[in-house]
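*Asks:* Protein chains in written order, with this note's numbering: chain A, 1 to 175; chain B, 176 to 356.
Think of the hints as simulated: they come from the structure by calculation, not from any bench. Glycine included, every Cβ here is placed at the ideal spot set by N, Cα and C. Be careful, since some hints might not be right.
With a straight-line Cα cutoff of 20 Å, these simulated PhoX-like cross-link-like pairs (lysine-lysine) come out [to be verified]:
(1) B:K177 with A:K173
(2) A:K59 with A:K141
(3) B:K179 with A:K173
(4) B:K211 with B:K247
(5) B:K245 with A:K172
(6) B:K211 with B:K177
(7) A:K141 with B:K245
(8) A:K172 with B:K179
(9) A:K174 with B:K179
(10) B:K211 with A:K141
(11) B:K245 with A:K59
(12) B:K207 with A:K59
(13) B:K177 with A:K174
Coverage of chain B stretches by chain A, computed from C-beta distances (three or more under 8 Å per stretch; other residues unrestricted) [unchecked claim]:
(14) 189 to 199
(15) 219 to 233
(16) 254 to 267
(17) 271 to 285
(18) 297 to 309
(19) 337 to 350
This is what each chain is made of:
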Amino acid sequence: MNEHALGLITGVAFGFLLQKGRVLRFDKQVGAMQLRDMTILKFMLSAILVGMVGFYLLKAAGVITLGHKAMNVGAVVLGGLLFGGGWAVMGYCPGTAVGALGEGRWGAIFAIAGMLAGAALYAELFPMLRTTVLAWKDFGKLGLPETLGLSPWIIIPVFWAIVLALFVWFEKKKL
Amino acid sequence: MKWKTLDGGWSPYLAGALAGLLAVASAVATTKLMGKTSYLGTSTTFVRAAGMLEGAVAPEHVKNNAYFTKEKVQVDWQFMLVAGILLGAFISARTDRSFKLEAVPPLWAERFGAGVMRRAAFAFLGGVVAMFGVRLADGCPSGHGLSGMMQLSTSGFAALCVFFGMGMVVARLVYGGRRHE
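Start from the sequences, fold in the hints, and give me the full structure.
*Replies:* In structure tokens:
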């Protein structure tokens, strides 16, 4: 099997699960932002709970290497604010826009077109951003264990406890 | 807690946990096959696709652009992953009868009417701003949110908090506050 076949198979499985979890819908995405329907948070956090245990076990076993993205403060905060605003109006994130198209919500094509234009715009402005926002303050490729000075085997159980409590609350409030 | 939702979907807890297993399996498979661990993500593919489209009109311009050069305009593992998401969602929706041709999402129509042009214009504008932001932040809810938080990346936790916090503020401004039905 080659790189392309593996990507396609993984994507089909991921798209299948996203659709089955009903997280591809505009109404679910905006519903979460309105704190009305927590479907997408239930999906994401469940995936994260399972994934973080798997990743850290595999890392300890020497099977995989972690690949943190840089904690570049200006980039994450400013980029995050722009993304959050655009996400609310568009009602999809990049992956779910493509998935939404797959489940027939063809209006997502306008969001996808906008995102392609946004990517092209970013490429044009990249030389300028590299010397400004991206150069403000970069803490580098850090994980919470280094940032907090705690073992991942302390952070993971604490995170599990917080998320499970959140799930109980979601179910109680029927969110 | 039910494993199936009323419309024939799966519990988001179940589908999410399976997506977590998929992320772990994918990390192992990419390491074995490509020699380096690749994590689920989607937004870099938009850069590559934009580069390909732009390259069809102005190939020199794309070749000389520092960002396109950095991200490499080519069909790679992640590009196929994004294509797979389209196909996987289609298969799932067709087989459980939740496939539906729809131009304007119900919640949007309720607030702003069923006009396609207005929805298209705002979806496009939202897309431009969101993708610009996500490239600046270097990751989307898949790359930063799922893959980043699974790895306990500091940037993943920070990014998802900012994404969601700002999303809440703007959603409130655009669609109004929480409704009690």
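*Asks:* Does each hint hold? Answer for all of them.
*Replies:* Going through the hints against the structure:
For the hint pairing B:K177 with A:K173, the CA-to-CA distance comes to about 16 Å; that is within 20 Å, so the pair holds. Straight-line distance between C-alpha atoms of A:K59 and A:K141 comes to about 16 Å, which keeps the hinted pair within the 20 Å bound. With a CA separation close to 19 Å, the supplied pair B:K179 and A:K173 stays within the 20 Å bound. Using a Cα cut-off of 20 Å, the hinted pair B:K211 and B:K247 holds, with the two alpha carbons roughly 17 Å apart.
A hinted pair counts as satisfied when its Cα atoms are at most 20 Å apart, and B:K245 with A:K172 does not qualify at roughly 48 Å. Of the pairs offered as hints, the one joining B:K211 and B:K177 is violated, with about 38 Å between alpha carbons and a cut-off of 20 Å exceeded. Under the criterion of a C-alpha separation no larger than 20 Å, the hint pairing A:K141 with B:K245 is consistent with the structure, at around 18 Å. Between A:K172 and B:K179, the direct Cα distance comes to roughly 18 Å. Compliance with the 20 Å bound is thereby established for this hinted pair.
Pair hint A:K174 plus B:K179 holds up; C-alpha atoms about 15 Å apart against a cutoff of 20 Å. Taken as a hint, the B:K211 and A:K141 pair is honoured in the structure, with Cα atoms around 17 Å apart against an allowance of 20 Å. Pair hint B:K245 plus A:K59 does not hold up; C-alpha atoms about 28 Å apart against a cutoff of 20 Å. A threshold of 20 Å between alpha carbons decides the hint, and for B:K207 with A:K59 the separation of about 14 Å falls inside it, so the pair holds.
At roughly 13 Å between alpha-carbon atoms, B:K177 and A:K174 fall within 20 Å of each other, so this suggested pair holds. Closer than 8 Å: that is the beta-carbon criterion, and the segment 189 to 199 of chain B has 11 residues meeting it against chain A, so the requirement of 3 holds. Counting residues of the segment 219 to 233 of chain B whose beta carbon lies closer than 8 Å to any beta carbon of chain A gives 8, which meets the minimum of three for the stated coverage. Using a Cβ-Cβ cut-off of 8 Å, 14 residues of the segment 254 to 267 of chain B lie near chain A, which meets the minimum of three, so the contact claim holds.
Counting residues of the segment 271 to 285 of chain B whose CB lies closer than 8 Å to any CB of chain A gives 12, so the stated coverage by that chain holds, three being the minimum. Against chain A, the segment 297 to 309 of chain B contributes 13 residues with a C-beta closer than 8 Å to a partner C-beta. That satisfies the three-residue criterion, and the hint holds. With 13 residues having a Cβ less than 8 Å from any Cβ of chain A, the segment 337 to 350 of chain B passes the three-residue criterion, so the hint holds.
Violated hints for the displayed structure, listed by number in ascending order: 5, 6, 11.
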